[in-house]
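Listed below, chain by chain, are the residues.
Protein chains: 4
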Amino acid sequence: MARLETLKVAVVGAGKMGADHVRRIEEAVSGARVSAVVDVDAERAKAVAARVEGCTAHTDPAAAMAAADVDAVLVASPGPAHEAALLAAFARDLPVLCEKPLTPDAASALRVMEAERQLGHRRVQVGFMRRYDAEYMKLKSLLSTGQLGRPLMLHNRHRNVASPPGWTSEMLINDSVVHEMDVTRWLLGQEITAVTVLRPAPSANAPQAVQDPQFVVLETDGGAIVDVEIFVNCGFGYQVQAEVVCERGTARIGDGQAMVTTMAGRWGGTIAQDFTDRFADAYDREVQAWADATRRGQVTGPSVWDGYAVAAVCEAGVRSLAEGGRVEVELARRPALYDVS
Amino acid sequence: MARLETLKVAVVGAGKMGADHVRRIEEAVSGARVSAVVDVDAERAKAVAARVEGCTAHTDPAAAMAAADVDAVLVASPGPAHEAALLAAFARDLPVLCEKPLTPDAASALRVMEAERQLGHRRVQVGFMRRYDAEYMKLKSLLSTGQLGRPLMLHNRHRNVASPPGWTSEMLINDSVVHEMDVTRWLLGQEITAVTVLRPAPSANAPQAVQDPQFVVLETDGGAIVDVEIFVNCGFGYQVQAEVVCERGTARIGDGQAMVTTMAGRWGGTIAQDFTDRFADAYDREVQAWADATRRGQVTGPSVWDGYAVAAVCEAGVRSLAEGGRVEVELARRPALYDVS
Amino acid sequence: MARLETLKVAVVGAGKMGADHVRRIEEAVSGARVSAVVDVDAERAKAVAARVEGCTAHTDPAAAMAAADVDAVLVASPGPAHEAALLAAFARDLPVLCEKPLTPDAASALRVMEAERQLGHRRVQVGFMRRYDAEYMKLKSLLSTGQLGRPLMLHNRHRNVASPPGWTSEMLINDSVVHEMDVTRWLLGQEITAVTVLRPAPSANAPQAVQDPQFVVLETDGGAIVDVEIFVNCGFGYQVQAEVVCERGTARIGDGQAMVTTMAGRWGGTIAQDFTDRFADAYDREVQAWADATRRGQVTGPSVWDGYAVAAVCEAGVRSLAEGGRVEVELARRPALYDVS
Amino acid sequence: MARLETLKVAVVGAGKMGADHVRRIEEAVSGARVSAVVDVDAERAKAVAARVEGCTAHTDPAAAMAAADVDAVLVASPGPAHEAALLAAFARDLPVLCEKPLTPDAASALRVMEAERQLGHRRVQVGFMRRYDAEYMKLKSLLSTGQLGRPLMLHNRHRNVASPPGWTSEMLINDSVVHEMDVTRWLLGQEITAVTVLRPAPSANAPQAVQDPQFVVLETDGGAIVDVEIFVNCGFGYQVQAEVVCERGTARIGDGQAMVTTMAGRWGGTIAQDFTDRFADAYDREVQAWADATRRGQVTGPSVWDGYAVAAVCEAGVRSLAEGGRVEVELARRPALYDVS
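Protein chains in written order, with the working numbering: chain W, 4 to 344; chain P, 4 to 344; chain D, 4 to 344; chain R, 4 to 344.
Hints are computed from structural coordinates only; laboratory data are not their basis.
Please note that a few of the clues may not be correct.
Claimed, not checked - Taking lysine to aspartate or glutamate and the EDC-like style, the derived pairs with C-alpha atoms no more than 16 Å apart in a straight line are:
no. : chain 1 : residue 1 : chain 2 : residue 2
1   : R       : K19       : D       : D277
2   : R       : K141      : D       : D284
3   : D       : K141      : R       : D277
4   : D       : K19       : R       : D277
5   : W       : K103      : W       : D178
6   : D       : K11       : D       : D72
7   : P       : K19       : W       : D280
8   : W       : K19       : P       : D277
9   : D       : K19       : D       : E46
10  : W       : K49       : W       : D74
11  : D       : K19       : R       : D280
12  : D       : K141      : D       : E46
13  : R       : K11       : R       : E29
14  : D       : K11       : D       : E56
15  : P       : K141      : W       : D96
16  : R       : K103      : R       : E86
17  : R       : K11       : D       : D295
18  : W       : K19       : P       : D280
19  : D       : K11       : R       : D295
20  : P       : K11       : W       : D295
21  : W       : K11       : W       : E86
22  : P       : K19       : P       : E56
23  : W       : K11       : P       : D295
24  : R       : K19       : D       : D280
25  : W       : K141      : P       : D284
26  : P       : K49       : P       : E8
27  : P       : K19       : W       : D277
28  : D       : K19       : D       : E56
29  : D       : K11       : D       : E30
30  : W       : K11       : W       : D108
From just these sequences and the hints, can you work out the full model?
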């Protein structure tokens, strides 16, 4: 498990997404730190860089990448700026995490692909983050077991509360359904061969001239039919659902339940088999919370008083088990140190 | 957000739990690393320490804590060894994360409490990790809003597939229900005043002479009645459920669904309001996966081919939206670089 | 399937429950009709009897039972009047459906039992109607298969929106938990041997001096432990839930889902295997609605226009299937006869 | 509530569906009886008629309708025979319940419509029984409140375990999707204007040359887009689901849950407000079971012993409530009369 030193990352783009990635790398990611922040707006770059000790601010991606302490690049600038940033990273053979879209159109994406091909090895990971969602990962994993048989259809629902100002009908395809397009390819392992967009009567809550909702049908080279309801002014919440229909059963995620499968006369989900599975995240969160508080010079979480009080209740419980009947719990007086503020 | 340097942790106990915490700190926790591993078994300490670069191995907790590069201690040794380790940490005023139980009985817990009180400030966080479980945290958070009114009852189910060899009737209280005892105190903010343990006819699957299941009733100083079904040979899975019954509604976790509440004529759950909420974990996991792969010198995840292929599908989609009807997708030939192995 | 003639029923008690049973027999039950209505309040008896053609009104149960056209008796008078009505029915050897409670206390119930024993055969069905609830029936049926193993515990929740005026603490036992007492005996096939009633802090919404909620623990002669939460001022709805915990799994009803079982690492429910199962009730309801409308001289439900319109859509569908692409549906003009009013 | 005498029904068609309707009218429908059974196969007509007291058998529908004791007709013969039966009923102005399809094609359906129009009043109810399913009725009822706003899309799933021998690709439209066509028109109150049938790669479990599954898109004159997955060899069960997507929320049925709605940040369902709602069916079933047993000369269901035993438990419960602690239940000896066989 001997690991490399900490990965030093240049973040290109200090807008909402870029700033959030800076926070993420500092607070949630182990083994990485932000060493440089780049933005065409120098003030914005400085403001975000200032939040991280030892982090420098830049306006030119290539200059930032030339810094001695940059091992990798995270591109979160607007789509039209991606191509230049990617080529700059290729020039230094730096690994890149590039937010979606890779580039704004297929022609520029082809140019990037040709550049990477000439480099001779992959350097880019594109930010299709749904592939890292726990529910989608379970769905993919289940499909790969072959239990359900070959996938025949995939039904998707993608709903947002309300579209931001300036949102257009095309953006429902390019910024929203784009996720289902990648999910389709990834889940099914098939390429998409045709698209049909149907237009329901628009919702009264859609902005003027915006076709919302849309109902999109995708066909794949494996013969699957995929439908996507995209509805970005649904009003009630952000909801992403997917149901794969296979030859012997179905699996569905996103319903406010764990993954639900139907097969052999039953619907339902799985139950964890032990606590390391059920509470894996809780253990991670516990130790992270402890490390974070300790580094801030604080002590939080369950106290010695909690440990003591529970020990006293256990003793009463064991006596009740042995002797039967109700056993009262006797507690010492709680020291002021353990007062909850 | 300027943060302190990395927290250097001595892990006391290199058994299953200790080794898992070492792995956790190295792989999942940001801002911390393991600098020392302690175990009475020198070979075991060395084996675990060897997995971490620069980590030393020890057999004596106090000696390990004396090392220059120890900022904090994680105690994961057997319960009877906790008291000595905690006092050693107090001697150096080091912060401690101590696995549950704090100590094996109330008397020794009182001694630890007195020692921390004399230190004058809290140094210990006890490892009641359910307080860090996402579902319990939501339940606690909902209760604190007061929407449901005052809690009156708390129903708990705690089921394990099978008990390990050597498990006794008392261990159902001390090792299993102990979690619900802490959860009760934490969720309700009340101390437990009495315990009654009822004995259903034991399951045929329980080991000889083990009273399994048990049905435990707790009373609190706030007048709440709490019941706990503990069933450690249920056979079907590891399942932890809790339902709080309040004056105006109930909330339940652990059912294979998100938290379900009942209130004002409806049952159900909440829907995320935006993608940063719904996909927060996916973003963390994506960037972590990228950082991990990059440090290993690899490139994984969605490729430039994926970015290109989706761009081509989007273009077809926008044409279908504009013109109506079915639009075929034209893809370039995929370079061998992007072959999926 | 040659059946006996219609059963002629005397309904004793014309209050809310009795009147509802009169309506039920007339509208929902096949093969029975109400021939006599009895109430100590002559006006009330007459008013309810007047709703049924040929039905007579009485103030004395025995006199009503003496009428030539009475085959059976339904007792829905207040509990203290049950004993006399039952003995009158025994005198004429008439079958009786007696609303719960059989009688108000164990001593009077014993007297009724002795009278029926002397009659030499059973004549009485007691109105524990939960045994006829579809969900409880499924639960009972599943238990009887033995798939889950022996039942060890039964958890019950019984919640009402608000208690009626005059409701007392004792009525939570006698009028509410009484159902779970019967359910326990019926589901488990065991007698109850001990009762413990625990008193949580009363809800602020409970009437003055009423202990609500209560938490009741029952023990059975088969060694099962049964708990019942009774909460008659829960505010949010009427909710009845039951979970049986067996040696190899659990089954739960009343959650707004079909029966959910846990077993062998999975939670979930069953899926119907054919349409006669899934839509059995719909067929019954359809034919009943048609018979009812026809007897009123009306025609309701799907019309010839509906049949025609669907036929036209089918033709378009079959053409699309054969030829591919979108096929428009051509409909004739709809005659005024089929205008929806 | 004074009702007409019993409706006397001639059932035309004594095959599987017809025989089931005969059973239904006799056993489950109140206020109706079968007076005549018609089938081209005289033996089959006789066999089914023999199950009902006083019921006659016929081979000619018109002859059967001419009988003195026929008030109404239920047509359950094969589709091609419907037109003649309907016209015979029109000749005598008899009300008809006609199984779907009304007739096998649009042209013949138009002829029937013209005949009924000339009659001057509606006489036919077509057997689209989904309109009588409890879940669909709730969905329709919710839509009619307007709470969710205008419907924009309707997603349907229709799955059968396996198709019968001889099933063709066209029958997926004519015999299966036909239900969703009617449901669409009824739920939305709109006519269907176009149909597109898409062909996923057929399942390996579909019979040779049968296109299964199919994905059907319907467009309506109200601008709604409706999709139907029809999959008649899904293997796992018979499943019918529908989700309506409206301007302010969605509602879904058929998931093994009660109707689930999403609206204003929440998903979930309603909770009954009182026992007459929750247990309405149980009461109907209880009284029907009692009437049926009584007419057979039997006594079933909860006995006087059950009434007595519960009374004794209640007494113990009330004592525990008053005095605290555990109270044992004393039962008399159970007379042999109440032994469960």
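How the hints compare with the structure:
1. With a CA separation close to 14 Å, the supplied pair K19/R and D277/D stays within the 16 Å bound.
2. For the hint linking K141/R to D284/D, the alpha-carbon distance of about 14 Å falls within 16 Å, and the restraint holds.
3. At most 16 Å may separate the alpha-carbon atoms for a hinted pair to count; K141/D and D277/R exceed this at roughly 22 Å.
4. A hinted pair counts as satisfied when its Cα atoms are at most 16 Å apart, and K19/D with D277/R qualifies at roughly 14 Å.
5. At most 16 Å may separate the alpha-carbon atoms for a hinted pair to count; K103/W and D178/W meet this at roughly 9 Å.
6. Restraint check for K11/D and D72/D: the C-alpha separation of about 6 Å stays at or below 16 Å, so the hint holds.
7. In summary, the hint linking K19/P to D280/W is supported, as the alpha carbons are separated by about 15 Å, within the 16 Å threshold.
8. Among the hinted pairs, K19/W with D277/P is consistent with the structure: their alpha-carbon atoms are about 14 Å apart, no more than 16 Å.
9. As the CA atoms of K19/D and E46/D are separated by approximately 14 Å, the hinted pair is consistent with the 16 Å bound.
10. With a CA separation close to 20 Å, the supplied pair K49/W and D74/W exceeds the 16 Å bound.
11. Straight-line distance between C-alpha atoms of K19/D and D280/R comes to about 15 Å, which keeps the hinted pair within the 16 Å bound.
12. Proximity of K141/D to E46/D is assessed by CA-CA distance (about 42 Å); at most 16 Å being required, the pair is judged violated.
13. Taking the CA atoms of K11/R and E29/R, the gap is near 11 Å; set against the 16 Å cutoff, the hint holds.
14. About 12 Å separates the Cα atoms of K11/D and E56/D, which keeps this hinted pair within 16 Å; it holds.
15. Proposed proximity of K141/P and D96/W is contradicted: the alpha carbons are some 44 Å apart, above 16 Å.
16. Restraint check: the Cα-Cα separation between K103/R and E86/R comes to about 12 Å, which is no more than 16 Å; the hinted pair holds.
17. A threshold of 16 Å between alpha carbons decides the hint, and for K11/R with D295/D the separation of about 12 Å falls inside it, so the pair holds.
18. Of the supplied pair hints, the one linking K19/W and D280/P holds, its CA atoms being roughly 15 Å apart against a limit of 16 Å.
19. For the hint pairing K11/D with D295/R, the CA-to-CA distance comes to about 12 Å; that is within 16 Å, so the pair holds.
20. Straight-line distance between C-alpha atoms of K11/P and D295/W comes to about 12 Å, which keeps the hinted pair within the 16 Å bound.
21. Among the hinted pairs, K11/W with E86/W is inconsistent with the structure: their alpha-carbon atoms are about 22 Å apart, more than 16 Å.
22. A C-alpha spacing of about 20 Å is found between K19/P and E56/P, which places the hinted pair above 16 Å, so the restraint is violated.
23. Between K11/W and D295/P the CA atoms are separated by roughly 12 Å; this keeps the pair inside 16 Å, and the hint holds.
24. The hinted pair formed by K19/R and D280/D meets the criterion: a straight-line CA distance of about 15 Å does not exceed 16 Å.
25. Taken as a hint, the K141/W and D284/P pair is honoured in the structure, with Cα atoms around 14 Å apart against an allowance of 16 Å.
26. Proximity of K49/P to E8/P is assessed by CA-CA distance (about 26 Å); at most 16 Å being required, the pair is judged violated.
27. Restraint check for K19/P and D277/W: the C-alpha separation of about 14 Å stays at or below 16 Å, so the hint holds.
28. Between K19/D and E56/D the CA atoms are separated by roughly 20 Å; this puts the pair beyond 16 Å, and the hint is violated.
29. A C-alpha spacing of about 14 Å is found between K11/D and E30/D, which places the hinted pair at or below 16 Å, so the restraint holds.
30. Distance hint between K11/W and D108/W is unfulfilled; the C-alpha atoms sit about 30 Å from each other, more than 16 Å.
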